[in-house]
Amino acid sequence: MNIQYIDHHQIDPAKWDCVVLQSPHPLVYGLFNYLNAVCDTQWDALIYNDYEAVFPLPFKKKFGLKYLVQPVFCQQLGAFGSNAHVSTHDFLSAIHRRFLRVRLQLNPYFDQKNDARSSQTKTTFIEALSGKLTSKTNMTIELSQPLNYNKDCKKNLHRLAELPIEYQINAISIKEAIDTYRKAWGTQNPEIGDKHYQLFANACSEKISFTVSAHHKIDGTLLGAAIFLITPENRKRSLHYVCAGPTEVGKSIGVMHGIIDFVLTRYTGENILFDFEGSSIESVASFYKKFGANEEPFFCFNRGF
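According to the numbering used here, the stretch in the sequence shown is residues 11 to 315, in order.
Worth flagging that the hints you see were computed from the coordinates, not collected in a lab. Check before you lean on any hint, since a few could be wrong.
Below, a list of computed lysine-lysine pairs in the DSS-like style, where the Cα atoms sit at most 30 angstroms apart [as the list claims (entries may be wrong)]:
1. Lys-205 / Lys-146
2. Lys-161 / Lys-25
3. Lys-164 / Lys-193
4. Lys-193 / Lys-217
5. Lys-217 / Lys-205
6. Lys-161 / Lys-146
Ranges between beta-carbon positions, derived for each pair [what the hints assert, rightly or not]:
7. His-19 / Asn-158: 40 to 50 angstroms
8. Ile-228 / Lys-71: 51 to 61 angstroms
9. Leu-173 / His-19: 29 to 39 angstroms
10. Lys-71 / Leu-173: 13 to 23 angstroms
11. Glu-258 / Asp-22: 43 to 53 angstroms
12. Leu-110 / His-168: 51 to 61 angstroms
13. Glu-258 / Lys-227: 10 to 20 angstroms
14. Arg-245 / Pro-307: 22 to 32 angstroms
15. Thr-147 / Lys-193: 22 to 32 angstroms
16. Lys-227 / Leu-110: 18 to 28 angstroms
17. Val-294 / His-206: 15 to 25 angstroms
For each residue, glycine too, the CB sits at the ideal point set by N, CA and C.
Could you build all of it, start to finish, from the sequences and the hints given here?
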């Protein structure tokens, strides 16, 4: 099995992005420049053959030793590329002796067509690596299919349609959208600090991100905002709902219904997987289900934590 450990500075960015975009479901999280930014260049990689498949290794250092940890604003990583001859198991085996401490969230798509070797079905294999798999739940919508909102969602959208609200793309900056999110929900995520938000802002280039904001039509008052990440033009794309929040006034009228609907309607009918990024919080998951989102499990591999 020809899997090589490659230092960050040795990675070929063009080849890397090419293999990520050839994945069954290409995720923005895996793109070279995005990873480079959210990891602050602190990542290496495993590469199978000549970039047939890749596995990013985001790390931190403590007492001079590297340990693997999932970056903030990067929900899923794991393997990307072709799984014809290699599996997530093979990559996890390759990092077994290099890192005693590992916490990585694995995308569920790489092994979908190779269930016999799927990391989700080989508990004994994970145990052999002295690790543990923890199940998490994501919420997604296939936009190639007709939208399927529930009655409550339609009711809220009908009410919003009667108000003087307009939705705009890139009318506010990434920083302004982040600030709106932090005012709304930042206290619920105290582990995310100023540096994390700055790294995320650095990662949001024009090619892979855009903001959507809701404003009062008459005076332009901001009612809510969201940042979306989208993979470049490709046979299959992913659209991630990453950082979003209403203002106090926007919250009182349920404006986030309108922002999400604006984007879903814009891309419906395209071969795009819309990714809500969770959630394990019941009330948030219920909100996403209003839009017809389906539960999609993925796994976190832990060892030494």
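A range of 10 to 20 angstroms was offered for this pair. Does it hold for the Cβ distance of Glu-258 and Lys-227? holds (19 angstroms)
Taking the Cβ atom of Lys-71 and the Cβ atom of Leu-173, is their distance within the range 13 to 23 angstroms? Once the Cβ atoms are compared, 51 angstroms apart, the range 13 to 23 angstroms for Leu-173 and Lys-71 is violated.
State, for the Cβ atoms of Lys-227 and Leu-110, whether the hinted interval 18 to 28 angstroms holds or is violated. violated (57 angstroms)
Regarding His-19 and Asn-158, is the given constraint of 40 to 50 angstroms on their beta-carbon distance met? holds (47 angstroms)
Using the Cβ atoms, figure out if Glu-258 sits within 43 to 53 angstroms of Asp-22. Holds, since Glu-258 and Asp-22 (Cβ atoms, about 48 angstroms apart) stay within the stated range.
Given hint Lys-25 paired with Lys-161 - CA-CA distance at most 30 angstroms: violated (46 angstroms)
So does Ile-228 sit 51 to 61 angstroms from Lys-71, Cβ to Cβ? Since the Cβ atoms of Ile-228 and Lys-71 sit about 53 angstroms apart, the hinted range of 51 to 61 angstroms holds.
Given the hint that Lys-217 pairs with Lys-205, does the C-alpha gap stay at or below 30 angstroms? holds (22 angstroms)
Has the given pair, Lys-205 with Lys-146, been kept, meaning a C-alpha gap of at most 30 angstroms? holds (26 angstroms)
Do the Cβ positions of Thr-147 and Lys-193 conform to the proposed distance bound of 22 to 32 angstroms? holds (27 angstroms)
Does Lys-146 lie within 30 angstroms of Lys-161 when you go C-alpha to C-alpha? Between Lys-161 and Lys-146 the Cα gap is close to 27 angstroms, so the pair holds against 30 angstroms.
Does the Cβ pair Leu-173, His-19 satisfy 29 to 39 angstroms? violated (52 angstroms)
Comparing the model with each earlier hint shows violations of hints 2, 9, 10, 16; every other hint is respected.
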